[in-house]
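Asker: In the numbering used here, the protein residues as written are 23 to 149.
Since the hints were made in silico from the structure, they are not lab data.
All figures in this text were calculated on a predicted structure; none of them were measured in a lab.
Mixed in with the good hints, there may be bad ones.
As the list claims (entries may be wrong) - Quick list of in silico lysine to aspartate or glutamate cross-link-like pairs, EDC-like style, CA-CA up to 16 Å:
1) Lys63 with Asp131
2) Lys59 with Asp135
3) Lys63 with Asp124
4) Lys63 with Asp135
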Amino acid sequence: MTLIEIVVVIAIITMLMSAVGIYAVRQLVDSRVTVAKNELKTLESALDSYFAITGRYPDAQQGFGPLLERRVLRDPPVDPWGNPFRYSLVNGVPVVSTLGADGAEGGTDDAADLSTARQNRTDRHRG
Numbered sequence: 023m024t025l026i027e028i029v030v031v032i033a034i035i036t037m038l039m040s041a042v043g044i045y046a047v048r049q050l051v052d053s054r055v056t057v058a059k060n061e062l063k064t065l066e067s068a069l070d071s072y073f074a075i076t077g078r079y080p081d082a083q084q085g086f087g088p089l090l091e092r093r094v095l096r097d098p099p100v101d102p103w104g105n106p107f108r109y110s111l112v113n114g115v116p117v118v119s120t121l122g123a124d125g126a127e128g129g130t131d132d133a134a135d136l137s138t139a140r141q142n143r144t145d146r147h148r149g
């Protein structure tokens, strides 16, 4: 092999590795968003279990504390980016949310805010 052939092969391998790297990073970002959505559903179920036990949801100031005390949750909930999940009551309906990768309001892609709040969720138990 000549030096030119070796350089061409190295250049091709570098381009292929770059393409794979970009794809892998995108998959990591997408997987964190998917994990966050699944954790939101799990926390929503934990809140419903707490409601079944006590007949009410924790108030916003208590947050997830009562769920930890009753061992409905084992650990304080943290999103895939290391930030605590947020909890609030909106018209007696629990809402769990995360601010996404950037930890700030708004955003797009993995920085988008995610929440259990839905337009048609007024039929849930009232606390």
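Asker: Could you work out which earlier hints the structure fails to respect and list their numbers in ascending sequence?
Answerer: 1, 3
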